[in-house]
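Visitor: Each chain, letter by letter, is given below.
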Amino acid sequence: MFDARPQHNEYLRHRAQQFRQQVERRLNGSLTEDEFRPLRLMNGVYLQLHAYMLRVAIPYGTISPDQMRTLALLAKKWDKGYGHWTTRQNIQFNWPKLVDIPDMLDALADVGLHAIQTSGNTIRNVTTDAFAGAAADEVADPRPYAELLRQWSTDHGEFQFLPRKFKIAVSGGKRDRAVIAAHDIGLRLKRNEQGELGYQVWIGGGLGRTPLLGQVVREFLPEGDLLPYVEAIIATYNLSGRRDNKYKARIKITVAERGLDVMREEIEAEFERRRKVFTGVDQDLLAALKSLYAPPAFRNEPEGDYEQHRAANPAFRSWTDTNLSAHKVDGYASVTVTFKAPGATPGDASAEQMRLLADLAERYGHHDLRISHEQNVVLPHVHKSDLFAVYQELKAAGLATANAGLISDIVACPGMDYCTLATARSIPIAQDIAEHFRARGLEEEIGQFNIRISGCINACGHHHLGHIGILGLDRAGVENYQITLGGDGYDIPAIGQRAGAGFPAEEVVPAIDRVINAYLELRESPEERFIDTYRRVGVAPFKAALYPADA
Amino acid sequence: MSKGFTPSPATPAVITANDLRQGHCVWMRDGGWTADPREADLFEDEAIADLALLDALSQGNIVVGPYLAEARRGPDGRPEPTHFREAFRRRGPSNYFHGKQAEFAQSEVEASNV
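Chain order of the listed sequences is A and B.
With the numbering used here, letter number 110 in the first sequence gets 110, and the count goes up by one each step, no holes.
Position in the second sequence (from 1) plus 1000 gives the number in the numbering used here.
Quick caveat, the hints were computed from the structure, so don't treat them as lab data.
Where hints are given, some of them may not hold.
No more than 25 Å apart at the CA atoms, straight line, and that leaves these computed lysine-lysine pairs for PhoX-like [to be verified]:
| id | chain 1 | residue 1 | chain 2 | residue 2 |
| --- | --- | --- | --- | --- |
| 1 | A | 167 | A | 248 |
| 2 | B | 1100 | A | 97 |
| 3 | A | 246 | A | 165 |
| 4 | A | 395 | A | 76 |
| 5 | A | 190 | A | 174 |
| 6 | A | 190 | A | 290 |
| 7 | B | 1100 | A | 77 |
| 8 | B | 1100 | A | 76 |
| 9 | A | 174 | A | 328 |
| 10 | A | 97 | A | 77 |
| 11 | A | 80 | B | 1100 |
| 12 | A | 165 | A | 248 |
Work out the full structure: start from the sequences and follow the hints.
Guide: See below:
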């Protein structure tokens, strides 16, 4: 199986060299654009609105300090000094020149990174919980399984020309932080009644123009059967998925059209055949991967003056209240570094910020960094005695915004500021909303709140899963924004309901302001989140707030 | 992308694409390409526009994805975009001052220094 870890990167160099030759043949006229396009897409190279874009895979969002420094190098040397964290735990560079991309791929290969299968109708980067290996509620660390899937799926000969792209997520927490229900395959690690480890297997989820939540195809799959079962699912889909219509080609449509029971029957039959072929080499590899992801040498030390700093410094206290997550080891916390400062573009990180995070991970974070699907960066293992030092360094770099999970922690795709598929802009809407609620001083009062914005129906901003979702459209040559309410990507997966007619750009902030005011009036206590209030009272009062003239 | 219109004096068009080597937006001028949309040729005749587009499509070693984009003649006679997508392609992203807007600012500084 393919293995792209830093010590085994000859293959990546080979692929980079191959792409270099393909670019040369494109430039000297040997390849037409029609011939070249699939080749560049296989290497994560898109042509966007203003420039080429290079999407680099960050396997399940896990990245080392050296790898992070290489991303900083790419940003500085071949881009405009920054990169963009995506909602699939990847990074995109918005301004590379085609002629420079082979050099960028070489630099990535040096640290075991690449852009393979970040595009095309293949199995894409496997995603997982950004708090994997750290979260207090974890059943098992999902990373060894994600890595097994990555090595198995990279360059898998059978699955290079699927009907459509294919996304797999693995989640190890009691609480799902990997949006399992919105993936082609979702795997939730669980223990059965006998205490054995395995997976609850979901298929057929996806957002885009036809948002559908996945369904459980297998309640419990034993741990050792992961690859044959996943292979059986994709082989079944590869045969029965539609190739006549791009918009009906995802497995979610196959499941919806053919029915879960029919799919399950075929998958189980295929599984029986395939399982016989697996000789156990995958389990040997999995065992090795588990040791690769063994917990770091956690320190057993007192918390130092952590509580004194909290008491003396209200800004630090506020940051610890919002941006820390419970760690499985006493004395530790996971730190969420949000890339959602006032006026910032959601998910954009400068080269300097990347280097600082690499330094902090080395000095205080057991050399571990994660990219979250909320477009933030997580330092999963920080000892509480180090938190104040980490905070101060983040603050100096503009990275200590205390808003993780709050209304200004907005997820937004690049939209028409960059993307050639977009029908409207996302970024200015996100900036306006964040600035508005910061100016009103209401962020902490509002509490946990999730706004997600997509600049087109393809839903890269996962707008369907936002408590408030915003979808940018082109209505007769003017940007127009549809609002959905009641989506949830966490506890109770839910697709937001479209509230009604869309709003012109300048009316989006006032419309959301009215929804928030209605929520603050309706909630029974400050602890009742918007999504809880919405589930209690229904959509009607919020619709009335959005469209007062209709009420 | 502008679709469903026929270049005419009432609905003129420009031909635009991305530069193959670097990726930036370019516009057709005198059968070649300029990075400055204000310098683009305006096509007001369907047949001439179609011929120019064929010419553009034959220049696949220079540009990628040429197409006709609806435009209008501005007060100074130069082409202006009619759709916001084309306006963004001419200007650059709205979140940073880089892309075309920075180049134009630079070229205007240089022009005023001449």
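Visitor: It remains to establish, for every hint, whether it holds in the given structure.
Guide: Outcome of the hint check:
Proposed proximity of residue 167 of chain A and residue 248 of chain A is supported: the alpha carbons are some 16 Å apart, at most 25 Å. This hinted pair checks out: residue 1100 of chain B and residue 97 of chain A have alpha carbons roughly 15 Å apart, not beyond 25 Å. As the CA atoms of residue 246 of chain A and residue 165 of chain A are separated by approximately 10 Å, the hinted pair is consistent with the 25 Å bound. Distance restraint check for residue 395 of chain A and residue 76 of chain A: the Cα-Cα separation of roughly 22 Å lies within the 25 Å cut-off, and the hinted pair is therefore satisfied.
The hinted pair formed by residue 190 of chain A and residue 174 of chain A meets the criterion: a straight-line CA distance of about 8 Å does not exceed 25 Å. The hinted pair formed by residue 190 of chain A and residue 290 of chain A meets the criterion: a straight-line CA distance of about 17 Å does not exceed 25 Å. Between residue 1100 of chain B and residue 77 of chain A the alpha-carbon distance is near 20 Å, which keeps this suggested pair within the 25 Å criterion. Restraint check: the Cα-Cα separation between residue 1100 of chain B and residue 76 of chain A comes to about 19 Å, which is no more than 25 Å; the hinted pair holds.
For the hint linking residue 174 of chain A to residue 328 of chain A, the alpha-carbon distance of about 13 Å falls within 25 Å, and the restraint holds. In summary, the hint linking residue 97 of chain A to residue 77 of chain A is supported, as the alpha carbons are separated by about 11 Å, within the 25 Å threshold. Of the pairs offered as hints, the one joining residue 80 of chain A and residue 1100 of chain B holds, with about 13 Å between alpha carbons and a cut-off of 25 Å not exceeded. Between residue 165 of chain A and residue 248 of chain A the CA atoms are separated by roughly 12 Å; this keeps the pair inside 25 Å, and the hint holds.
Hint compliance for this structure: no hint is broken.
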